[in-house]
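Protein chains: 2
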Amino acid sequence: MSKIRPYKKALDYSYTIGVFPTLELLTHKPGQTQMVFISNKASTNTGVIKIKSLCEQHNIPFIYSDTTVGKLAQADNAYVVGVFSKYFPDISDIANHVTLVNPDDSGNLGTICRTMLAFGFKDLAVIKPAVDIFNPKTIRASMGAIFQLNFSYFDRLEDYRKQFKHALYLFVTDSVKTFDTIEFSAPYSLVFGNEGAGLSRNAQAVGQKVAIPQSTAVDSLNLAVSAGIVLYKLRQV
Amino acid sequence: MSKIRPYKKALDYSYTIGVFPTLELLTHKPGQTQMVFISNKASTNTGVIKIKSLCEQHNIPFIYSDTTVGKLAQADNAYVVGVFSKYFPDISDIANHVTLVNPDDSGNLGTICRTMLAFGFKDLAVIKPAVDIFNPKTIRASMGAIFQLNFSYFDRLEDYRKQFKHALYLFVTDSVKTFDTIEFSAPYSLVFGNEGAGLSRNAQAVGQKVAIPQSTAVDSLNLAVSAGIVLYKLRQV
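Chains as they are written, first to last, in the working numbering: chain A, 1 to 237; chain B, 1 to 237.
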């Protein structure tokens with residue numbers, strides 16, 4: 001990288017903002033880590049000490065710079081920023097998947113990554129258009145969980161289906177079948193639609209529609225909450 | 001109200017930003033609604049037509065003003081804003097409760113309100129310091145669900161416990177008991193701690209500690225996801 005600039009999707013590197021995501025980066029993807037910036041205002045807590053020690057262990061530059069941290073962390077009020085090269089992990093042919101169609105909220109995407117890891121799901125397919133998994137906001141919402149996941153973007157749901165023969169379970173609000181009464185046949189893919197629009201009629205035709213039982217008093221659940229309920233029920237831990 | 005100004009906690013009124021939350025306001029709390037502002041850019045979709053008709057039915061002023069909507073909706077890019085007087089609903093003595101100790105993210109608070117309503121929980125206790133349930137961001141994340149809930153703020157968890165004799169179930173990450181193996185004795189209160197700090201040691205002493213089974217690969221789940229998993233399992237719909 002030539003010089004430090006605010007994150008953009010087109011860059012081939014990104015940032016971890018804060019102690020926790022930076023620790024996860026250094027622990028699980030040290031080979032991708034370019035350097036770590038730390039503010040002079042950072043207290044020398046256990047997290048910061050661990051970060052320094054991991055940097056030394058892997059020969060990663062560890063640089064004090066209040067201005068760089070301030071510029072990159074922006075409103076986040078964090079004292080540590082990691083810089084890493086983007087990478088493109090393949091998703092497994094045999095493991096169960098989570099497939100997100102057109103997610104448009106980086107907080108939701110990150111939260112779903114965190115929840116996947118908590119319940120033993122390691123493989124995430126994302127159908128475009130979609131929010132950027134390497135956006136520092138996504139990484140922060142994931143608490144660094146993305147560094148322990150495999151993920152792949154696809155231009156269309158069709159492209160994903162050509163590559164993987166997983167049984168598709170499509171989460172919708174209007175199915176007569178509820179997910180807690182269904183036998184999921186592995187390998188499967190749990191498919192969730194966009195926050196506002198849900199899954200299109202075309203997408204709904206490619207697999208088994210299932211619903212989460214809920215009151216008619218609400219229109220739908222939050223996307224990350226829906227995924228959380230389903231992943232908990234099917235947990236692989 | 002004298003004149004329209006950006007939301008502040010100290011005001012005795014607040015705003016619903018967007019069609020959906022404003023419809024929920026007019027449907028469930030028409031008596032609290034002072035007026036509705038609409039932008040000239042709003043398409044006359046079904047939602048807007050319903051809003052106009054509810055305003056007429058309840059004699060609520062319905063005012064076209066691009067500047068007012070722009071000022072109040074800010075980055076939200078919404079075309080409808082409702083104005084309502086704050087109100088203070090009591091929570092039930094006999095129904096099961098959700099109790100949030102020091103929640104500090106308005107998105108989480110709103111998402112939990114939405115999830116509560118989806119699973120038939122109507123009574124929410126919030127222990128201060130805590131984010132403001134009437135903040136338009138909370139209302140939006142709730143999709144207007146707060147207008148169908150009862151909620152009460154308490155200065156301390158002790159004050160809540162003096163008033164209600166509910167069995168307390170405290171969600172923590174380090175309990176040997178997991179919530180899916182436990183018999184919950186009603187009326188109960190499901191108690192969740194702060195996003196970062198969790199429940200304090202003192203708070204953990206006042207009831208039954210329970211955990212959501214999860215991998216050790218993550219530190220914890222997102223607060224709204226945790227609540228969603230528990231509320232789904234104990235759903236009353």
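If you're looking for bench data, these hints aren't it; they were derived computationally from the structure. Because the structure is a prediction, the values reported are computed rather than measured. Errors might be hidden in some of the hints.
As the list claims (entries may be wrong) - No farther apart than 25 Å at their CA atoms in a straight line, the calculated lysine to any residue pairs in the SDA-like style are these:
#	chain 1	residue 1	chain 2	residue 2
1	A	86	A	41
2	A	52	B	8
3	B	233	A	235
4	B	8	A	76
As the list claims (entries may be wrong) - Part of the chain A face toward chain B, derived, beta carbon under 10 Å:
#	residue
5	4
6	85
7	87
8	94
9	114
10	214
Backbone N, C-alpha and C define an ideal beta-carbon position, used for all residues, glycine too.
Taking the hints in turn, this is what the structure says about them:
Between the alpha carbons of residue 86 of chain A and residue 41 of chain A the distance comes to roughly 28 Å, so the proposed pair goes past 25 Å and is violated. Simply put, residue 52 of chain A and residue 8 of chain B have alpha-carbon atoms about 42 Å apart, too far for the 25 Å limit, and the pair is violated. Simply put, residue 233 of chain B and residue 235 of chain A have alpha-carbon atoms about 14 Å apart, close enough for the 25 Å limit, and the pair holds. Among the hinted pairs, residue 8 of chain B with residue 76 of chain A is consistent with the structure: their alpha-carbon atoms are about 22 Å apart, no more than 25 Å.
The closest approach between the C-beta of residue 4 of chain A and any C-beta of chain B is roughly 26 Å, which is over the 10 Å cut-off, so the hint fails. Annotation: residue 85 of chain A was flagged as interfacial toward chain B, and the flag is violated, the nearest CB pair being 23 Å apart, outside 10 Å. Checking residue 87 of chain A against chain B: minimum C-beta separation of about 19 Å lies over 10 Å; hint violated. The interface hint given for residue 94 of chain A is violated, since its Cβ lies 19 Å from the closest Cβ of chain B, which is over the 10 Å cut-off.
Using the Cβ-Cβ criterion of 10 Å, the hint placing residue 114 of chain A at the interface with chain B is satisfied: the shortest such distance is roughly 6 Å. For residue 214 of chain A, the suggested interface contact is upheld, since its CB lies about 4 Å from the closest CB of chain B, less than 10 Å.
In this structure, the earlier hints numbered 1, 2, 5, 6, 7, 8 are contradicted, and the remaining ones agree with it.
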